[in-house]
Amino acid sequence: MDAILNSPVAEMLRDPILYIGLGYGLLLTLQISVLSIVLSFAFGTVLGSMRYSGFPVISHAAATYVEFIRNLPTLLLILTSYFVLGLPAMWAATIGLTIYTSAVIAEIIRGGLNSVPTGQWEAARSQGFTFIQSMRHVVLPPAVVKMIPPIVSQFVTVIKDSSFAMAIGAYELMFKGTILAAKYWKPSQIITIYVVIAMAYFVINFAISMVARRLQTKMSAGRGSIGSS
Amino acid sequence: MSKFIESIGFLQEGPFSIPRWEALFSNIDLLGQGALVTLLVASLGLALALALGTVIGVMSTSHWRFPRAAARVYVEFFQNTPLLIQVFMLYNALPILYPVLVIPVITIGIFGVGMYHGAYIGEVVRAGIQSIGRGQLEAALAQGFTYVGAMRFIIIPQAMKIVLPPLTNQAVNLIKNTSVLAVIAGGDLMYAGDSFAGRFGHYGPTYVVVGLAYFAMCFPLAVLTRRLEDRTRGS
Chain C
1 MDAILNSPVA
11 EMLRDPILYI
21 GLGYGLLLTL
31 QISVLSIVLS
41 FAFGTVLGSM
51 RYSGFPVISH
61 AAATYVEFIR
71 NLPTLLLILT
81 SYFVLGLPAM
91 WAATIGLTIY
101 TSAVIAEIIR
111 GGLNSVPTGQ
121 WEAARSQGFT
131 FIQSMRHVVL
141 PPAVVKMIPP
151 IVSQFVTVIK
161 DSSFAMAIGA
171 YELMFKGTIL
181 AAKYWKPSQI
191 ITIYVVIAMA
201 YFVINFAISM
211 VARRLQTKMS
221 AGRGSIGSS
Chain Y
1001 MSKFIESIGF
1011 LQEGPFSIPR
1021 WEALFSNIDL
1031 LGQGALVTLL
1041 VASLGLALAL
1051 ALGTVIGVMS
1061 TSHWRFPRAA
1071 ARVYVEFFQN
1081 TPLLIQVFML
1091 YNALPILYPV
1101 LVIPVITIGI
1111 FGVGMYHGAY
1121 IGEVVRAGIQ
1131 SIGRGQLEAA
1141 LAQGFTYVGA
1151 MRFIIIPQAM
1161 KIVLPPLTNQ
1171 AVNLIKNTSV
1181 LAVIAGGDLM
1191 YAGDSFAGRF
1201 GHYGPTYVVV
1211 GLAYFAMCFP
1221 LAVLTRRLED
1231 RTRGS
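As they're listed, the protein sequences go chains C and Y. The numbers in this note's numbering rise by one with no breaks, and the one at position 181 of the first sequence is 181. If you want this note's numbering, it's the position in the second sequence, counting the first as 1, plus 1000.
Hints listed in this document are in silico derivations from the structure and should not be mistaken for laboratory results. All figures in this text were calculated on a predicted structure; none of them were measured in a lab. All C-beta atoms in this analysis are idealised placements derived from N, C-alpha and C, irrespective of residue type, glycine included. Hints should not be assumed to be uniformly reliable.
According to the in silico footprint, chain C covers these stretches of chain Y (three or more CB under 8 angstroms from chain C) [unchecked claim]:
{"#": "1", "stretch": "1035-1049"}
{"#": "2", "stretch": "1091-1104"}
{"#": "3", "stretch": "1180-1193"}
Which chain C residues stay away from chain Y? Per the calculated CB distances, all over 10 angstroms, these [claimed, not checked]:
{"#": "4", "residue": "2"}
{"#": "5", "residue": "20"}
{"#": "6", "residue": "23"}
{"#": "7", "residue": "31"}
{"#": "8", "residue": "38"}
{"#": "9", "residue": "49"}
{"#": "10", "residue": "60"}
{"#": "11", "residue": "127"}
{"#": "12", "residue": "131"}
{"#": "13", "residue": "132"}
{"#": "14", "residue": "141"}
{"#": "15", "residue": "142"}
{"#": "16", "residue": "156"}
{"#": "17", "residue": "190"}
{"#": "18", "residue": "216"}
Pulled out of the complex, with its shape left as it was, chain C reads as follows (with noise of 0.2 angstroms):
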């Protein structure tokens, strides 16, 4: 037991230093994913209702632009904008990552509005409903049912990726972590510090892909059959 509680690890493990170190990583790593996930909801509803309006200028626009971005790595992404816009490295973090997650968004957004079959749409219309009472009570309602469980399961990848921060010198969670793993140089530390690091993005990733998951099973649970497919 003792030879435990002496080992390096342990050591370690009661050195307040680390979980200081890791957590104002972990804070910025939730400030980054956090706001990254708010501002591409943002872009992403316009982008996605862009291209779902069908105006020829307007819906090409939004098309190119989430085409080419979602082929393009998110580590490119934020790199440029940092050493080529010039952002201090929290903001092209945050930048990167929303120009890319919009994209995705934007698709997303698209595939649930394209899922309500354009009948609806239509005679939602011609018993005289306007444009935004249709979209309200007609087209919205089963298509958010569609979006909210993959935009749930988008913020588990927000997460994850925003450790590509590190690239450009962000203090998040993965830069701090390898920061404080070299200044321990046995090699059980150094393990242990990732396997520290992996438990806290696991915890919060698992509990957001268990909602995620619920969510799904809950929202196709309750719709029956009616305009599914």
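Model the placement of chain Y on the given structure of chain C, informed by the hints.
Here is chain Y on its own, set in the frame of chain C:
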């Protein structure tokens, strides 16, 4: 023409000036080598991911509890932690655990993306197998097929149709994710671009060309994904 070009400010100075483009294109073979490494890592990584994914997918639809639980743990771990930390663990922990082994960085890249996307492909395969319906498996077993034989000849060929669109989508993500190798000096396209840009400060043109190269690799697969999706929906 040259007068006209001289009058355009941003081509003369700033991050996208002509000398920077010239410097980049006289060193374009650096990026070419990086692109070859990326293609190598992506293709071998995809092969590994497909193999792992098939095993995981079959395990998670198994009758027995143990393989099901093992597959679940694998998928949850790899899907819920960043690829970067997995690669770092491989990069830092493996040489420590096995000091005799000298693992080339490219191998770490292949195993990194292969194991990460193996988890996603495992979920895709599981969904494919489950879409076929228990009855067919039971019928096959009743006819004297072994479990593996039933999978091989009855379930998997049918599941392929459902599985193919998300699989090509995973291939796109895998190509993009090989870029994490840049963080551990893996010599891939992103690393080649980043180190060239960093040496002379030619970030603008380099990232444009690197971006176009990734786009050229991914876009055909993205188009294929859409085609396959339309076909599955149509049938």
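Hints, one by one, checked against the model:
1. 1035-1049: violated (count 0)
2. 1091-1104: n = 4 at 8 angstroms, threshold three: holds.
3. 1180-1193: holds (count 4)
4. 2: holds, 25 angstroms
5. 20: Given a closest Cβ separation of 20 angstroms, the condition holds.
6. 23: Given a closest Cβ separation of 17 angstroms, the condition holds.
7. 31: For residue 31/C, whose nearest Cβ neighbour in chain Y is about 16 angstroms away, the distance exceeds 10 angstroms, so it holds.
8. 38: holds, 20 angstroms
9. 49: Holds, since 20 angstroms exceeds 10 angstroms.
10. 60: Non-interface label stands for residue 60/C: nearest chain Y Cβ at 16 angstroms, farther than 10 angstroms.
11. 127: holds, 29 angstroms
12. 131: holds, 28 angstroms
13. 132: holds, 30 angstroms
14. 141: holds, 23 angstroms
15. 142: holds, 18 angstroms
16. 156: For residue 156/C, whose nearest Cβ neighbour in chain Y is about 7 angstroms away, the distance does not exceed 10 angstroms, so it is violated.
17. 190: violated, 6 angstroms
18. 216: holds, 12 angstroms
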